[in-house]
Amino acid sequence: MRWLIRKVTRRRKGAVSIEDDTHFGDVLTIGRGADQAVFLSDLKVALNHATLTRLPSGKFQLESLSPGGVRINGMIEQRETVSIGTKIEVAQTQITLIQPPRGVDAAVELSVIEGQSAHEHVLTRAQAVSLASTKLSKRRPAWIAFIATLLFALAIPIVSHYLPGVESMTRKLHILGLSAWTSGAMAAPHQFFAEDCRSCHAKAFVSTRNEDCVACHTTTAAHADPVKFQMPILQDQACADCHKDHNGAQALIRAEQRLCTDCHVDLPTTSQGRSRLAPVTDFGDGHPQFQVTLAAWTPDGQFAPQRVPVDRPNLSEKSGLKFPHDKHLVADLNSPKGRKQLSCGSCHELEPGGAKMKAVDFETMCQECHQLNFDTSAPTRQVPHANIPEIIYMLDGFYAKRALEGGWMDTSAPAVVRSRRRPGVDPALSAAQRTEALSWARMRSSQVAQSLFEGRACITCHTVSRTVDETTGDPGWAIAPVRVAGVWYPKSQFTHRKHETMACADCHEAKTSKSSDDVLMPPIQNCRDCHAGEASKTEVATACTSCHGFHLDGQPLMSALAGGATLKSSLESFLPGAKPAQAEPSR
Amino acid sequence: MHGSFLNHGRFRYLWVALILCGASIIAYAWHNPIPRPNGGTWLGYTLGTVGVLIILWLTWYGIRKRRYSSRSGTLKGWLSAHVYLGTSLIVIALLHTGFQIGFNIHTLALVLMFMVIFSGFFGVWAYLRYPEAITQNRQNATREAMLLEITELNQQSLQLADQAGPRVHGKVSASIERTQIGGSIFRQLFPIDASSDAFLDVRKSLEDFNRRDNQLDTQNLPTMFVMVDALARQIGSKEQDALRKLVDVLSRKKALTASVSRDIQLKAMMDVWLYIHVPITFALLASLIAHVVAVFFYW
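Same order as they appear, the protein sequences are chains A and B. Sequential numbering of the first sequence, starting at 1, is according to my numbering. Sequential numbering of the second sequence, starting at 1, is according to my numbering.
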């Protein structure tokens with residue numbers, strides 16, 4: 001077998017010299033020994049380093065005789081089947097199997113591995129010796145991170161804002177779109193539309209506008225009438241100044257008392273004299289005495305309730321009723337059904353909401369004892385309550401019927417009234433008899449009415465006065481109107497149900513009240529037994545909003561005021577001479 | 001630590017950072033916003049602005065350190081300020097957030113900032129510890145010199161191995177071939193002692209050589225030198241001499257290879273954190289831009 005051994009030597013300036021040698025034999029021996037077919041002088045090479053044998057298939061069997069092995073295509077091997085084109089490295093020499101020329105059975109090309117200085121070669125095949133020479137890089141990851149972050153954190157959300165289609169696509173693909181911008185958990189009532197940022201943030205780079213709030217909050221009232229109180233602090237206020245969302249489920253409605261006391265510490269000054277409300281700093285030690293609202297009328301009949309401090313001496317309520325609480329709360333009260341013990345709850349029942357008491361009802365609460373019967377001959381028959389014409393009509397009718405029927409057992413009554421008549425047997429009354437009977441009936445009805453009104457029934461509780469009918473000249477009676485305050489403290493929100501652990505007498509001194517003129521409302525000292533300002537650690541911490549709301553019933557609606565980011569622009573439309581407000585079309 | 005970047009200018013920037021943090025903490029404690037502290041209060045905006053300015057200035061350090069002709073203070077001073085002000089960002093940024101953390105781009109910026117800062121802490125530790133370790137490890141030599149010596153020792157060991165016979169030569173040349181210094185990122189940071197393997201290879205070949213030719217049990221011989229002595233008693237004086245020298249040369253090479261590997265390892269440890277610090281810094285810059293734009297976009 002004939003081998004061609006071609007030595008290629010690269011010289012300077014790219015010149016190449018080629019030296020061919022021929023070897024005869026089945027095996028091509030490679031080594032440092034003088035007897036080797038391929039002689040390599042490098043000390044790293046063993047005397048008999050490797051052999052190359054042609055296989056019947058046309059490939060070659062390379063066998064390393066040295067434990068150091070040989071590199072085949074970069075890998076150290078001991079025995080390997082190789083083919084034309086394979087690069088075999090032994091120390092500094094590269095042996096490449098090449099296509100044999102005509103007349104030769106096999107050919108190898110020898111060349112020196114270049115490009116490595118002496119010490120680099122120690123590092124065996126260009127090992128990286130610093131991180132900089134590995135694949136590690138700073139610049140490329142920096143750019144990738146920068147651009148990727150900008151894309152997902154900025155570009156996609158901005159595009160989503162302007163193109164809702166993109167936003168719904170990000171949602172479908174579960175890519176963080178606008179939701180990546182959410183700065184915190186939404187308030188619980190806003191969560192159902194939280195996905196749509198534009199419902200509150202309609203315009204880019206514009207803070208949430210009042211009109212976006214009142215689009216839903218149509219019935220929310222303002223704090224004060226901006227026409228009366230032209231104060232910048234009211235006018236320039238945006239809803240979002242107090243109601244800051246994205247601060248958790250419960251953070252939207254604020255109770256901090258300083259939000260109120262900022263102004264109310266000296267309202268006459270802060271309102272420039274427009275409000276005369278007393279200074280408030282803290283419920284515990286800086287709150288004026290409670291004021292009850294008492295019904296009152298101006299001389300010309302206009303209803304003008306009075307606000308009176310509850311601790312004013314000789315405070316009395318002119319309700320038109322006579323009701324001594326003390327008499328009703330005694331033990332073993334005598335009643336038609338026997339001895340009874342009344343309690344507050346016998347007459348004062350909570351409304352279903354639990355805040356206020358139901359109005360006292362005569363029929364269900366009083367009438368059991370205070371019966372309105374009027375004639376012993378019909379002890380179960382009672383006149384209706386609170387309807388004077390009906391009472392008169394009922395009495396007239398009752399006695400007229402009895403007079404015409406006859407059989408009235410009363411010696412003072414005329415004979416025609418007393419005599420018993422059998423229907424269908426006795427003849428009908430003559431006109432004179434009827435006149436006499438009805439005359440008696442009218443007289444009797446009038447006596448009974450007077451007794452009811454002035455003697456034993458109405459006058460027990462009511463102030464009764466006599467009147468004369470202007471057209472007929474008939475005498476009559478008038479009951480003074482009943483004006484019990486429904487809500488004594490209308491400026492505060494008090495809930496009885498929250499105070500059910502208390503006894504009624506803890507706040508209302510009813511047991512010793514001899515007159516319904518007494519105002520049985522507790523003063524502030526009573527509340528302060530348990531309640532103090534919001535900073536209190538020893539009592540019930542009570543902020544202003546525990547009793548008072550900011551948005552007050554009866555004030556103009558926020559929706560009518562909201563125009564822009566502040567109330568100012570809308571206020572201007574309220575001022576005299578201003579153009580009517582142009583409501584922006586809502587989305 | 002004399003003259004380190006940490007005590008530069010008598011801890012000038014440590015004091016700057018402490019005052020900055022102290023002022024922020026006092027302001028945060030005093031400030032009592034409604035509904036709660038967050039980035040949207042006046043203090044929140046102030047701390048956020050301070051934080052962004054510091055971050056931009058810290059990023060500028062990457063440019064400043066390449067400006068060798070710059071006269072804006074010493075680079076050591078800049079590094080000192082970089083470290084201390086960067087650390088103060090932990091306090092400033094946390095107070096800026098009002099400790100409101102969520103799954104959003106705002107918290108992303110915070111997390112990225114922490115990654116940059118804590119990778120920087122590793123850098124500080126590496127810069128304090130490794131330069132001295134590198135100097136100690138090199139023992140007044142350079143890496144180049146050590147590599148050159150290894151090359152020479154390789155040549156010597158091959159010559160000696162040649163005298164000791166073809167089997168020894170094979171083993172030695174294989175060990176030279178397989179000596180690994182440096183390599184992949186992982187191999188640089190956690191090098192294997194390749195020359196130790198080579199050393200064991202040679203010893204094993206010597207044992208084989210010995211067992212086959214002399215039937216001497218060398219398994220229980222305690223040290224290389226005893227083994228060589230034992231071998232030397234039984235082989236020719238030329239080979240005995242070569243083997244003795246070969247062991248000397250190989251152990252010296254082993255020590256040198258370990259030193260070079262350690263040198264590469266220490267240098268890699270000093271560098272590796274920057275491959276996190278720098279790219280994450282750019283992610284942080286992008287997330288900051290997004291954060292600021294988003295905040296004012298949905299004001």
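To be clear, the hints were calculated from the coordinates, so they are not data collected in a lab. Hints should not be assumed to be uniformly reliable.
Below, computed lysine-lysine pairings styled on DSBU-like, alpha-carbon distance capped at 30 Å [said to hold, decoys possible]:
{"id": "1", "chain 1": "B", "residue 1": "Lys76", "chain 2": "B", "residue 2": "Lys65"}
{"id": "2", "chain 1": "A", "residue 1": "Lys138", "chain 2": "B", "residue 2": "Lys254"}
{"id": "3", "chain 1": "A", "residue 1": "Lys172", "chain 2": "A", "residue 2": "Lys228"}
{"id": "4", "chain 1": "A", "residue 1": "Lys514", "chain 2": "A", "residue 2": "Lys537"}
{"id": "5", "chain 1": "A", "residue 1": "Lys358", "chain 2": "A", "residue 2": "Lys514"}
{"id": "6", "chain 1": "A", "residue 1": "Lys401", "chain 2": "A", "residue 2": "Lys358"}
{"id": "7", "chain 1": "A", "residue 1": "Lys135", "chain 2": "B", "residue 2": "Lys245"}
{"id": "8", "chain 1": "A", "residue 1": "Lys172", "chain 2": "A", "residue 2": "Lys135"}
{"id": "9", "chain 1": "A", "residue 1": "Lys356", "chain 2": "A", "residue 2": "Lys491"}
{"id": "10", "chain 1": "A", "residue 1": "Lys59", "chain 2": "B", "residue 2": "Lys76"}
{"id": "11", "chain 1": "A", "residue 1": "Lys318", "chain 2": "A", "residue 2": "Lys537"}
{"id": "12", "chain 1": "B", "residue 1": "Lys65", "chain 2": "A", "residue 2": "Lys358"}
{"id": "13", "chain 1": "A", "residue 1": "Lys511", "chain 2": "A", "residue 2": "Lys498"}
{"id": "14", "chain 1": "A", "residue 1": "Lys138", "chain 2": "B", "residue 2": "Lys267"}
{"id": "15", "chain 1": "A", "residue 1": "Lys135", "chain 2": "B", "residue 2": "Lys254"}
{"id": "16", "chain 1": "A", "residue 1": "Lys13", "chain 2": "A", "residue 2": "Lys59"}
{"id": "17", "chain 1": "A", "residue 1": "Lys340", "chain 2": "A", "residue 2": "Lys322"}
{"id": "18", "chain 1": "A", "residue 1": "Lys358", "chain 2": "A", "residue 2": "Lys135"}
Just a sample of chain B residues kept apart from chain A, beta carbon distances all over 10 Å, derived [what the hints assert, rightly or not]:
{"id": "19", "residue": "Trp15"}
{"id": "20", "residue": "Val16"}
{"id": "21", "residue": "Trp57"}
{"id": "22", "residue": "Lys171"}
{"id": "23", "residue": "Ser173"}
{"id": "24", "residue": "Val278"}
For every residue, glycine included, the Cβ atom is placed at its ideal position computed from N, Cα and C.
* **Structure-inconsistent hints, enumerated in ascending order** => Hints 2, 3, 4, 6, 7, 8, 10, 11, 12, 16, 18, 22, 23, 24 not satisfied by this model.
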